[in-house]
Structures are given as C-alpha cells and as structure tokens.
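2 protein chains.
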Amino acid sequence: MATAAGTDIYTIMRNLRWSATEKSIARKAFEDALETELQSTVAEFKSRAGRAKHASELWEIEVWLAERRKEINEKYDYRYSVLPMVFGRLINEDRIQEDQLRGLRTDKLELIRRIAAF
Amino acid sequence: MATAAGTDIYTIMRNLRWSATEKSIARKAFEDALETELQSTVAEFKSRAGRAKHASELWEIEVWLAERRKEINEKYDYRYSVLPMVFGRLINEDRIQEDQLRGLRTDKLELIRRIAAF
Chain P
50 MATAAGTDIY TIMRNLRWSA TEKSIARKAF EDALETELQS TVAEFKSRAG
100 RAKHASELWE IEVWLAERRK EINEKYDYRY SVLPMVFGRL INEDRIQEDQ
150 LRGLRTDKLE LIRRIAAF
Chain C
50 MATAAGTDIY TIMRNLRWSA TEKSIARKAF EDALETELQS TVAEFKSRAG
100 RAKHASELWE IEVWLAERRK EINEKYDYRY SVLPMVFGRL INEDRIQEDQ
150 LRGLRTDKLE LIRRIAAF
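Residue numbers (this note's numbering), protein chains in the order written: chain P, 50 to 167; chain C, 50 to 167.
Keep in mind that a hint or two might mislead.
For chains that are exact copies, the list does not tell them apart, and a pair is met inside one copy or across any two.
Heads up, simulated DSS-like pairs for lysine-lysine below, C-alpha to C-alpha not over 25 Å straight-line [said to hold, decoys possible]:
(1) Lys95 - Lys72
(2) Lys102 - Lys124
(3) Lys102 - Lys77
(4) Lys102 - Lys72
(5) Lys77 - Lys119
(6) Lys95 - Lys119
(7) Lys77 - Lys124
These are computed hints drawn from the structure, not numbers from a lab.
Keep in mind the model is a prediction, meaning the values are calculated, not measured.
Could you build all of it, start to finish, from the sequences and the hints given here?
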C-alpha cells in the first residue's frame, strides 16, 4: 500500500510516535482482543473435543490447534512499528471497535481506518 | 541383539515365513491392541480437554497429541520383517497377552518372548 506521496506504509508506521497515553490505550485494546480470541478458541476447542469419538478426529484437532496457534501468534504482534496494521485487521475482523482506540492521535486513527477498509 | 550363532535379530525376523493362519492371528492381535490404544488415547484426550481452561493448556495438548500420534505410528508397524519386535514390545507393555498369539509357530513365539523380556 503506497500513499499519495509515495511513502510506503511500513515507513509511515515506523515513523509514528506513540505517547504514554496512546501506548496505554493501544495495549488495553490489544490485550482485550487477544484475550477474547483466546477464550473463543478455548470454547471452540472444547466443543470439537467433546464431539470427537475416534483418534482420527484427534489428529484433525491437532492440525487445527497448530493453525490457530500460528494464526494468533502472527496476528497479535505488539510492535509499534506494525501496530496500526494489527489494529486495522482487528477492526476489519470486528474484534476491536474503533471506540476502544479513542484517544489515539488522528494520524494513527486515519491510518488504522484506511488499513481496516483495505 | 545377537543370537548365539551371531545372526542378528533383523536377519532372523526377515527370514521368518508367515503362514496364512499365522498372518490372520497376527493381524487380529495387532488390530485389537491398536484399537485399544487409540481408544485410551481418545479417553485421555477428552479428560485433558475437559480440564483445560486457558489457551496455554491447548498448546500443551497440541504437543501431547503430536507425541501420541508419532509414538503410535512408530509402535504399530505391521511389516512381517519387524512384527516379532512389535509384538515383543506390546507384550512388554501389557497391551497384548501371549494367549492372543497362540497358533504362531514356536520359533516366532520364542523370538517374541525373548524380545518382550529384553
């Protein structure tokens, strides 16, 4: 994704400065979304485990667990240099509401919105 | 493991000839032990899954499942060239009773017994 000025989004994200207040808002939104996603993964796991009757289903659950773990690890990357992209995705997936990010500077919110819509 | 005559056990196993009746006995004992082990794995999995509360426990179960799958795959190797060793181990682990192998020729039974005791 390139801006009108031709600066790529990674450079823009790297150049953002986060105040202590913004970091605190970001951290809370991030942790809340992660906790919710982990809990829903536990719930789905228990449902799958409850239905399993044969060992072949266990190996399917093993593959599913590995995929979930990998996806969650990749998605929840708390580095400020990529955080707008993380939040954009989480908003796009309806895991974070924009309200939770209220208090971030407009430049960040606009960037996050653009990524969410991308 | 070498015999008194110096012939190694892999050569001895490879040189065994299995009659149709012996193959049928072997197949049944093998499948019964495998089915029992798979069922007990399913039961233990359900118990672990039922106790799990946090995602970290899911990833522990994922590791456990991978180990169980690998161990079962390695243990239940139905090739006649290694079958006495497989049965020796299964008897040693109390997963097969010698009775289930009744009908195999004495040379095979003695070999299996020696491996079980090893």
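Legend entry - Violations among the numbered hints: The structure conflicts with hints 1, 4, although it agrees with all the remaining ones.
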